[in-house]
Amino acid sequence: GAVVSQHPSWVICKSGTSVKIECRSLDFQATTMFWYRQFPKQSLMLMATSNEGSKATYEQGVEKDKFLINHASLTLSTLTVTSAHPEDSSFYICSAMTSGGALSTQYFGPGTRLTVL
Amino acid sequence: DAKTTQPPSMDCAEGRAANLPCNHSTISGNEYVYWYRQIHSQGPQYIIHGLKNNETNEMASLIITEDRKSSTLILPHATLRDTAVYYCIVNQGGKLIFGQGTELSVKP
Chain A
5 GAVVSQHPSW VICKSGTSVK IECRSLDFQA TTMFWYRQFP KQSLMLMATS NEGSKATYEQ
65 GVEKDKFLIN HASLTLSTLT VTSAHPEDSS FYICSAMTSG GALSTQYFGP GTRLTVL
Chain L
7 DAKTTQPPSM DCAEGRAANL PCNHSTISGN EYVYWYRQIH SQGPQYIIHG LKNNETNEMA
67 SLIITEDRKS STLILPHATL RDTAVYYCIV NQGGKLIFGQ GTELSVKP
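So the sequences go chain by chain: A and L. Residue numbers for the first sequence follow the numbering used here, so the first one is 5 and each next one is one higher. Residue numbers for the second sequence follow the numbering used here, so the first one is 7 and each next one is one higher.
Worth flagging that the hints you see were computed from the coordinates, not collected in a lab. There could be a bad hint or two in this list.
[As the list claims (entries may be wrong)] Computed list of lysine-lysine pairs in BS3-like fashion (alpha-carbon distance at most 25 Å, straight line):
#1 L:58 to L:113
#2 A:45 to L:58
#3 L:9 to L:113
#4 L:75 to L:9
#5 A:68 to A:24
#6 L:58 to A:70
#7 A:18 to A:59
#8 A:68 to A:18
#9 A:59 to A:24
#10 A:18 to A:70
#11 L:101 to A:59
#12 L:101 to A:68
#13 L:75 to L:58
#14 L:101 to A:45
#15 A:45 to L:9
#16 A:59 to A:70
#17 A:70 to A:45
#18 L:75 to L:101
#19 L:58 to A:24
#20 L:58 to L:9
Bound conformation, chain A alone (with noise of 0.2 Å):
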């Protein structure tokens, strides 16, 4: 159980281009979702939360103008890339689990790679 798929896996764009990943939550229903970015040979950056049916919280430094974030069923969220530039070139990786608070455990996708030309 707790199995999370993220699509698509990788992708590459021109710049300016949007770009969106799904986050699903296969086998259980997420009231919370996360998205983390990851820039080669560093650690998981928490991006912003974003909890069903109401608007994300971003995380301080992350624009919110430019990651769209959309949480509109248990299982589903969305990262939508606005004009993307190369910096934004990352390994975007989203996680979610059943209930908020410290007891809940958060599953994480296999992650998405962005390449923007």
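Given chain A, put chain L in place with the hints provided.
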């Protein structure tokens, strides 16, 4: 900020126990310690978590000191497939703030 510090790298011989230490001296009384690992170019994999008591599952054991300021993850019989970056994380109100982790290399 991440509330944990870990050694950047460790080696372990295949078949031996791997003991990965973690310091979390500023942990609060109700904050859990979680361990994940990340194999190259994959999403992190959940291993184990605990609050006060030692925990064991099919993957590993977690030993937490009585003052909760440090913990050790034990992989009892490391295999080559256990080579990964291991993250010790204090769950801060549902958020996981990753530190740099320990890169464990299991060698034949």
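Here is how each hint holds up against the structure:
1. For a cut-off of 25 Å, the pair hint linking residue 58 (chain L) to residue 113 (chain L) is broken: about 32 Å separates their Cα positions.
2. Distance restraint check for residue 45 (chain A) and residue 58 (chain L): the Cα-Cα separation of roughly 32 Å exceeds the 25 Å cut-off, and the hinted pair is therefore not satisfied.
3. Note on residue 9 (chain L) and residue 113 (chain L): the hinted pairing is violated, with a Cα-Cα distance of about 30 Å set against a maximum of 25 Å.
4. The hinted pair formed by residue 75 (chain L) and residue 9 (chain L) meets the criterion: a straight-line CA distance of about 10 Å does not exceed 25 Å.
5. Between residue 68 (chain A) and residue 24 (chain A) the CA atoms are separated by roughly 14 Å; this keeps the pair inside 25 Å, and the hint holds.
6. Only pairs whose Cα atoms come within 25 Å are accepted, and residue 58 (chain L) paired with residue 70 (chain A) is rejected, the gap being roughly 41 Å.
7. A C-alpha spacing of about 28 Å is found between residue 18 (chain A) and residue 59 (chain A), which places the hinted pair above 25 Å, so the restraint is violated.
8. Note on residue 68 (chain A) and residue 18 (chain A): the hinted pairing holds, with a Cα-Cα distance of about 21 Å set against a maximum of 25 Å.
9. A hinted pair counts as satisfied when its Cα atoms are at most 25 Å apart, and residue 59 (chain A) with residue 24 (chain A) qualifies at roughly 17 Å.
10. Only pairs whose Cα atoms come within 25 Å are accepted, and residue 18 (chain A) paired with residue 70 (chain A) is accepted, the gap being roughly 16 Å.
11. In summary, the hint linking residue 101 (chain L) to residue 59 (chain A) is supported, as the alpha carbons are separated by about 17 Å, within the 25 Å threshold.
12. Simply put, residue 101 (chain L) and residue 68 (chain A) have alpha-carbon atoms about 18 Å apart, close enough for the 25 Å limit, and the pair holds.
13. Between residue 75 (chain L) and residue 58 (chain L) the alpha-carbon distance is near 10 Å, which keeps this suggested pair within the 25 Å criterion.
14. Distance hint between residue 101 (chain L) and residue 45 (chain A) is fulfilled; the C-alpha atoms sit about 22 Å from each other, no more than 25 Å.
15. The hinted pair formed by residue 45 (chain A) and residue 9 (chain L) meets the criterion: a straight-line CA distance of about 20 Å does not exceed 25 Å.
16. For the hint pairing residue 59 (chain A) with residue 70 (chain A), the CA-to-CA distance comes to about 15 Å; that is within 25 Å, so the pair holds.
17. Of the pairs offered as hints, the one joining residue 70 (chain A) and residue 45 (chain A) holds, with about 24 Å between alpha carbons and a cut-off of 25 Å not exceeded.
18. Only pairs whose Cα atoms come within 25 Å are accepted, and residue 75 (chain L) paired with residue 101 (chain L) is accepted, the gap being roughly 19 Å.
19. Note on residue 58 (chain L) and residue 24 (chain A): the hinted pairing is violated, with a Cα-Cα distance of about 41 Å set against a maximum of 25 Å.
20. Our distance criterion of 25 Å between C-alpha atoms is met by residue 58 (chain L) and residue 9 (chain L), whose separation comes to about 17 Å.
Hint violations for this structure: numbers 1, 2, 3, 6, 7 and 19, all remaining hints satisfied.
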